[in-house]
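Okay, here's what each chain looks like letter by letter:
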Amino acid sequence: MEKLKSFLSGNKIAQGVLIGVYVLITSLALYLSQKSVVAFLLLLFSLLLLYYTQLSNRLKWLLAGVVLVGVLPWAASSGPSYQSYMEVATLVGIYVAMALGLNIVVGLAGLLDLGFVAFFAIGAYTYGIFATGQASNFMPFGEYPLSGESFWLFILVGCFAAALCGVLLGIPVLRVKGDYLAIVTLGFGEIIRIVYNNLDKPINFTNGAMGISSVTPPELFGMQFTYPSQFYYIVLGILVVVMFAVRNFEYSRIGRSWKAVRENEIAAQSMGIHLVKTKLLAFAIGASFSGMMGVVFAAKQAFVDPTSFTLLESITILVMVILGGMGSVPGVILGAAVVTILNLQVLTEVTNWLNQMSMEGAISFPEALSPSKMQRFIFGAILILFAIYRPQGLIPAKNPVFNEEELKAHAAKQTGKKSSVPEDRAMQA
Amino acid sequence: MISEILQTLPQVLVDGLTLGAIYAVIALGYTMVYGILELINFAHGEIFMTGAFVGVAVLFFMSGAGWLAVMPAILALLIVLVVTSLVTGVLGMGIERVAYRPLRKAPKLITLISAIGVSFLLQDIVRFITEWKRGNYIVTGPQLFDSKIGLDFSSIWSHFNDAILKTSSVILLVSAILMMIGLDFFVNKSKWGMAMRSVAQDRDTAALMGINVNKVISLTFFIGSALGGATGVLFAMQYGTINPYIGFILGLKAFTAAVLGGIGNIRGAMFGGLLLGVLEMFASANLQKLTGGVFTAEYKDVFAFGILIIVLIFKPEGLFGKAVTEKV
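Sequence lines, in order, name chains A and B. Here the first sequence stands for residues 1 to 429, where the numbers follow the working numbering. Here the second sequence stands for residues 1 to 328, where the numbers follow the working numbering.
The hints are simulated quantities; they were obtained by calculation from the structure and are not laboratory data. Even glycine gets a Cβ: it sits at the ideal position worked out from N, Cα and C. Be aware that a few hints might be false.
Claimed, not checked - Keeping only pairs whose Cα atoms sit at most 25 Å apart, straight-line, the calculated DSS-like set for lysine-lysine is:
{"hint": "1", "chain 1": "B", "residue 1": "K215", "chain 2": "A", "residue 2": "K259"}
{"hint": "2", "chain 1": "B", "residue 1": "K315", "chain 2": "B", "residue 2": "K300"}
{"hint": "3", "chain 1": "B", "residue 1": "K315", "chain 2": "A", "residue 2": "K201"}
{"hint": "4", "chain 1": "A", "residue 1": "K201", "chain 2": "B", "residue 2": "K289"}
{"hint": "5", "chain 1": "A", "residue 1": "K259", "chain 2": "B", "residue 2": "K108"}
{"hint": "6", "chain 1": "A", "residue 1": "K398", "chain 2": "B", "residue 2": "K289"}
{"hint": "7", "chain 1": "A", "residue 1": "K277", "chain 2": "B", "residue 2": "K189"}
{"hint": "8", "chain 1": "A", "residue 1": "K398", "chain 2": "B", "residue 2": "K315"}
{"hint": "9", "chain 1": "A", "residue 1": "K259", "chain 2": "A", "residue 2": "K12"}
{"hint": "10", "chain 1": "B", "residue 1": "K215", "chain 2": "B", "residue 2": "K189"}
{"hint": "11", "chain 1": "A", "residue 1": "K373", "chain 2": "A", "residue 2": "K413"}
{"hint": "12", "chain 1": "B", "residue 1": "K105", "chain 2": "A", "residue 2": "K277"}
{"hint": "13", "chain 1": "A", "residue 1": "K373", "chain 2": "B", "residue 2": "K133"}
Claimed, not checked - Chain B side only, calculated, beta carbon under 7 Å to chain A, not exhaustive:
{"hint": "14", "residue": "P102"}
{"hint": "15", "residue": "L109"}
{"hint": "16", "residue": "I116"}
{"hint": "17", "residue": "D124"}
{"hint": "18", "residue": "F128"}
{"hint": "19", "residue": "W132"}
{"hint": "20", "residue": "T167"}
{"hint": "21", "residue": "V170"}
{"hint": "22", "residue": "I171"}
{"hint": "23", "residue": "F255"}
{"hint": "24", "residue": "I309"}
{"hint": "25", "residue": "L312"}
Said to hold, decoys possible - Some chain B residues well away from chain A (every beta-carbon gap over 12 Å; in silico):
{"hint": "26", "residue": "M93"}
{"hint": "27", "residue": "L178"}
{"hint": "28", "residue": "F222"}
{"hint": "29", "residue": "Y239"}
{"hint": "30", "residue": "I249"}
{"hint": "31", "residue": "I263"}
{"hint": "32", "residue": "V278"}
Using the sequences provided together with the hints, build the complete structure.
Below is the structure:
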C-alpha cells in the first residue's frame, strides 16, 4: 500500500490514467444505470480527485472542461432522469458562482455579509420584471415582455444592478465598525424581501406575494432555452467568466489589499490602502456575481417570488463558504457543490428511505425529525463545528509561496539594470 | 390628518410602550454581552424565543396537572417566569461555554459565525421538539389574563380617543420595569456588578485584580439570557401565538434598540427599546396616512431598519454611548 502510494505520488502519467479510468467507469455506470444517484455523485467526485492530482494546471482545466462539457451531460442523457440530473448540476453551478461572490466579501475582505441573497433577488427581479408584462405597469415607453434575446443583455444589467445596490448599501455601512455590518446586511436581506413582497401597491412592480410567473425564456438565434440541460451550458459559461475573474482578482493588487484589510484594518490603512474604496469594491464585485446568477435563476425557473430569497438562503451560501474554506477558491467550489447536493439530493433521498422504513414498520420515525426539514439544524451544526475545530475549512486557502532566493536574484538584476543606466549616461557625459 | 393621528395617539403610545418594553429587556441582553465581550450574540433572539416556548410548555404542564385552576394567576405567572429564566439562563451559559469560549482568542468573524450557527441550531431544535410533541410548531399558549382595562384619555384632552389596555400589558410593563430596575441596581450597586463593569472595561486588568473573568462572563450570559427568556414568557402571554422564528426579527429590532441607546450602555438600551417600540407602533398606525397610501403598515420592519442605518451613519456611538477610538 505504501509502495503504491509513493509510486502514485511520483508518477503523473499513472495519476492521469487513473483519473481517466475513474471517469470512464463512473460515467459508464451512470450511462447504464440511470437511476443511480450514487454514480452521478461519484462522477462529480472525479473533479475533486482531479484537483488533488499533480498534473499541470492547464491539463487539469482541460480535463475538468471535458468532464463538465462532454462526459457529464452525455452520461446522464440516456435516461428519463436526465433533466433532473441537469437541474442539480445547474443549481450547483449557480450556487458555486454565488459562493465565489460571497467568498470575495467574507473570505478575502473579511466582511461578514448575512444578506447576500438580496443581490440574487435583485438580479432575479430585474429580469423577471422586464421579461414579463409587469414592466408595462410603470415604463412609459417600450413593449413588454421583452424578447428572449434580451436575456443576454440582462445578465449584464443584473450584474450592474446588484453591484450598484451593493455600493449603495455599503456606503453608509462600511464606514462603521465591522460587526455592525453583519447585522445591517442581515436586516437588508430581510428588507429587500419585504419590499419585493409589498411592491404591488401603489404601482404594481413585483406583483407582491403572488410572484411573477411565465418569465420569457432566453433565446439565441431562434433557439429557446427551456430545459435545465440547456441552462446548464449558460451557467457553465458564466461560471468560467466568474472563475477567471476571481482568480485574477485574488492575485492582483486589489486582491492583496482585500487580504490586508481582512488581517488588520488599521495596518492596511497606514500602508496607504483606501479602506472604504477597497471594501466597496469587494461588496460590489461579490454582489455582481450574485446578480448575474439571479437573472439566470429567474429565466430557469420562469417564476420569481419572494419566498426564494429568505434568510435561510443567505446562510446556506455562507455555510458553503465556511465549509469549503474562507478565501480558498477550490474550497468554496467544493463547499457549494457539497451543500447543494446535500440539500437537493441526499436529504430527500434519506427522507424517502426513512419514510419507506417507517411505512414498512421497521422503525417508528416521527415526521418532525425528517432530515429534509432539518436544514437549519445541519447548517447550524456545520457552522459551529467548523468555527471551533476547523476555521480554515475543508480545503484551506493557500497563499502563493515565493522563493526568496529567486526573488532576491531577480530584484538584484532589476536594480542592477536601473543603476547601470545613469552610469552609462555619466560616462557619456 | 393631524386630528386623526392625534385621536389614535393614546392607543399608539400604550401599544408602543408595551412593545418597547419587550425590545428594551432583550436589548439589555445584547448590550451586556457586547459590553463585556464585544460580540454580537446572534443567539440572543433565539434565547428569547426558547423562553417563550419553555414558558408555554410549563403552562401546559401546569394546566394538565390541574394546578392552574387552583392557584391565583399571578402566582402561576411567577412560577413560570422563575422556571423559564432558570432554564434559559443555564442555556445561555451553556452556549457561551460551548460555542464562544473556545473562540475567545479567534478572529471576531469566526465567533460571529459560531453565533449564527447557534441561532440556527436553536431554532430547529425548538421547532422539531415542538412539532414532535404537539404536531405543529405554531403554538398558542393558555391565557392567564384576558381582561381589558379602558383608559379614559378623552377626558384629559378632547382630541384623544380612549385607549384599551390589556391586563397582560400591564403585567408585562410592570415586570419589565422591575427587571430593568433590578438589573440596573445589580450592575451599579452590587459587588458582582462591579466585577462585570471592570471586566467590560479591561479584561486583563480585571483578572489581575483577582476577578474570575470566566465566571463573570458566565454570569453575564446567565443574567442576559434569564431576562431574555422571561421576556419570552411575557411576549407569549401578550401576543398569544408563537413560532420558532419569532426570535430572529425581534432580536434584530432589539439589537437596533441597543445600538440606538449606545451599545454597551444598559440605561441606553432601556431607553432605546422604549423609543423604538413607540416609533414602530406610530409608523405602523400612521405610515399609510402620512405617505398617502404609498407605504403600508407592512413596511414597519423597514422603518425600524432605517432607524438603525440612520443612527449608524450620524451617531454610531448611539444616543448615550461614548465614542471609542480604536487602539493599535
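Okay, the hints, checked on the actual structure:
no.	hint	result
1	B:K215 x A:K259	violated (36 Å)
2	B:K315 x B:K300	holds (22 Å)
3	B:K315 x A:K201	violated (33 Å)
4	A:K201 x B:K289	holds (14 Å)
5	A:K259 x B:K108	holds (15 Å)
6	A:K398 x B:K289	violated (57 Å)
7	A:K277 x B:K189	violated (46 Å)
8	A:K398 x B:K315	violated (40 Å)
9	A:K259 x A:K12	violated (34 Å)
10	B:K215 x B:K189	holds (19 Å)
11	A:K373 x A:K413	violated (63 Å)
12	B:K105 x A:K277	violated (29 Å)
13	A:K373 x B:K133	holds (16 Å)
14	P102	holds (5 Å)
15	L109	holds (6 Å)
16	I116	holds (6 Å)
17	D124	holds (4 Å)
18	F128	holds (5 Å)
19	W132	holds (4 Å)
20	T167	violated (32 Å)
21	V170	violated (32 Å)
22	I171	violated (31 Å)
23	F255	holds (6 Å)
24	I309	holds (6 Å)
25	L312	holds (5 Å)
26	M93	holds (16 Å)
27	L178	holds (29 Å)
28	F222	holds (20 Å)
29	Y239	holds (20 Å)
30	I249	violated (7 Å)
31	I263	violated (9 Å)
32	V278	holds (20 Å)
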